[in-house]
Amino acid sequence: SQTIHQWPATLVQPVGSPLSLECTVEGTSNPNLYWYRQAAGRGLQLLFYSVGIGQISSEVPQNLSASRPQDRQFILSSKKLLLSDSGFYLCAWNPMGGLTGEQYFGPGTRLTVT
Amino acid sequence: GDSVTQMEGPVTLSEEAFLTINCTYTATGYPSLFWYVQYPGEGLQLLLKATKADDKGSNKGFEATYRKETTSFHLEKGSVQVSDSAVYFCALIRTYNFNKFYFGSGTKLNVKP
Numbered sequence: 001s002q003t004i005h006q007w008p009a010t011l012v013q014p015v016g017s018p019l020s021l022e023c024t025v026e027g028t029s030n031p032n033l034y035w036y037r038q039a040a041g042r043g044l045q046l047l048f049y050s051v052g053i054g055q056i057s058s059e060v061p062q063n064l065s066a067s068r069p070q071d072r073q074f075i076l077s078s079k080k081l082l083l084s085d086s087g088f089y090l091c092a093w094n095p096m097g098g099l100t101g102e103q104y105f106g107p108g109t110r111l112t113v114t
Numbered sequence: 001g002d003s004v005t006q007m008e009g010p011v012t013l014s015e016e017a018f019l020t021i022n023c024t025y026t027a028t029g030y031p032s033l034f035w036y037v038q039y040p041g042e043g044l045q046l047l048l049k050a051t052k053a054d055d056k057g058s059n060k061g062f063e064a065t066y067r068k069e070t071t072s073f074h075l076e077k078g079s080v081q082v083s084d085s086a087v088y089f090c091a092l093i094r095t096y097n098f099n100k101f102y103f104g105s106g107t108k109l110n111v112k113p
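Same order as they appear, the protein sequences are chains Y and F. Using the numbering used here, the first residue of the first sequence is number 1, and each one after it goes up by one. Using the numbering used here, the first residue of the second sequence is number 1, and each one after it goes up by one.
Possibly wrong hints are sitting among the right ones.
[Said to hold, decoys possible] Below are the SDA-like pairs computed for lysine to any residue, each with C-alpha atoms no more than 25 angstroms apart in a straight line:
hint, chain 1, residue 1, chain 2, residue 2
1, F, Lys100, Y, Thr114
2, F, Lys100, Y, Val60
3, F, Lys77, F, Lys100
4, Y, Lys80, Y, Ala40
5, F, Lys60, Y, Ser1
[To be verified] Rough simulated footprint, nothing fancy, chain F against chain Y, three-plus residues with beta-carbon under 8 angstroms:
hint, stretch
6, 42-48
7, 101-112
[Claimed, not checked] What follows is a set of in silico ranges between Cβ atoms, one per label pair, in the way DEER data are often shown:
hint, chain 1, residue 1, chain 2, residue 2, range
8, Y, Ser58, F, Thr12, 34 to 42 angstroms
9, Y, Leu11, F, Lys52, 38 to 46 angstroms
10, Y, Ala9, F, Gly1, 29 to 37 angstroms
11, Y, Ala39, F, Ser3, 15 to 23 angstroms
12, F, Leu46, Y, Pro18, 32 to 40 angstroms
13, Y, Val15, F, Gln81, 37 to 45 angstroms
Simulated from the structure, these hints should not be mistaken for lab results. All figures in this text were calculated on a predicted structure; none of them were measured in a lab. Where a beta carbon is used, it is the ideal one built from N, C-alpha and C, also for glycine.
Next up, chain F with everything else stripped away, as it sits in the complex (with noise of 0.2 angstroms):
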């Protein structure tokens, strides 16, 4: 079945430090690739996506390619900030079934000044 394995966390990183969340997937089919972000007692936000075989997603900093000869949608950022500190999840969704969304278990990102 649809699956999506993430890096283990927390990862802790020092401000202004290159920051990388492995993402894998396993799907039949083109599925869309996701990245959300949860602060600390909040709801998720969707933080970027792509929809195709190397599309690039990007917002705020981060971005992410998607890989289909690796199946792999790895969360880059240059430079973080305390603020970036947040729970990070990959996401997919197959593009012909909007009914279920399948989360990685999340990797905590805590940033040191």
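The following block holds chain Y by itself, in its conformation from the complex (with noise of 0.2 angstroms):
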């Protein structure tokens, strides 16, 4: 079966230090992979999304970077956060070619900018 995996699962960090947060799917090829950032009490807002390796589309433009080395790795970067960078951070995938669409989720990264 599949399995998606986050981590860390919370994170503290300073302002203008820099960010890795790092998410792994088992038991699929070639999903796709996505990265959503949930700011507390809001909905989720679509940050990067990648169809394979190395192939990433951004939705909103900041300070946050996406990269896809390996087919079942997605990695969200920043080299200086904001506190507004603040929130929570899931990973999701759904198979490529799906019929249906549907995405499924990790457990989440808290990052905490202070």
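Please dock the two separately framed chains into a single complex, following the hints provided.
Quick look at the structure:
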């Protein structure tokens, strides 16, 4: 069966520090991968998605970036964190060419920028 | 562009009350519609889905019917439990573009014993 992992689960970082969040999917090949951010009390904002290794689409211009160095690995990064980067970061996947498009979410990373 | 609008929360109900969370959408073509649930501190879980007009999705006592004429996908449950307390998200994806999911802002449900 397919599983999705995210780490770390929680992170507290000072303003201006770098960031690296990792997401890995097991049990599938060639998934579409997604990064979302959920600010406190708000909905989901799609940040990036990827349909293959090295292929990244950005939805929102900001100081974050994403990379997909391997088929089932998706990394969210920042060189310098801002206070506004605090939130709950969710990784998701769905099968390439899936007929119904539903996405499967990881457990999330709670990021607090101080 | 495509979008999903959900009723504002929080919604507070007593146990065994009837639940309705409204969801309407804007999309060209024929989107698939979803309800996701998020329990505190966790990721999102798929609750139910419908892929074409008049389909009814159902799971764990929840149900929602895809109404194309009113562009709606309202979530209902006949008798809520305390364990249903969570945030509920309505979402759509256009059937020809699986790369982009459009989520509503979420509705927080609080069920009191």
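Each hint, compared with the structure:
For the proposed pair lysine 100/F and threonine 114/Y, the alpha carbon gap of about 32 angstroms is over 25 angstroms, so the pair is violated. Of the supplied pair hints, the one linking lysine 100/F and valine 60/Y holds, its CA atoms being roughly 13 angstroms apart against a limit of 25 angstroms. Between lysine 77/F and lysine 100/F the CA atoms are separated by roughly 28 angstroms; this puts the pair beyond 25 angstroms, and the hint is violated. Of the supplied pair hints, the one linking lysine 80/Y and alanine 40/Y holds, its CA atoms being roughly 21 angstroms apart against a limit of 25 angstroms.
The suggested pairing of lysine 60/F with serine 1/Y holds, with an alpha-carbon distance near 22 angstroms, which does not exceed 25 angstroms. A stretch counts as covered by a chain when three or more of its residues have a beta carbon under 8 angstroms from one of that chain; for the stretch 42-48 of chain Y and chain F the count is 4, and the coverage holds. Counting residues of the stretch 101-112 of chain Y whose CB falls under 8 angstroms from any CB of chain F gives 9; the rule of at least 3 is met. With their beta carbons about 38 angstroms apart, serine 58/Y and threonine 12/F fall inside the hinted range of 34 to 42 angstroms.
The hinted window of 38 to 46 angstroms between leucine 11/Y and lysine 52/F holds, with their beta carbons roughly 41 angstroms apart. The supplied range of 29 to 37 angstroms is met by alanine 9/Y and glycine 1/F, whose beta-carbon atoms lie about 34 angstroms from each other. Taking 15 to 23 angstroms as the suggested C-beta distance range, the pair alanine 39/Y and serine 3/F conforms, at roughly 18 angstroms. Checked against the hint of 32 to 40 angstroms, the pair leucine 46/F and proline 18/Y passes, with Cβ atoms roughly 33 angstroms apart.
In this structure the hint that valine 15/Y and glutamine 81/F lie 37 to 45 angstroms apart at CB holds, the actual value being about 42 angstroms.
Going through the hint list in order, the structure does not satisfy hints 1, 3.
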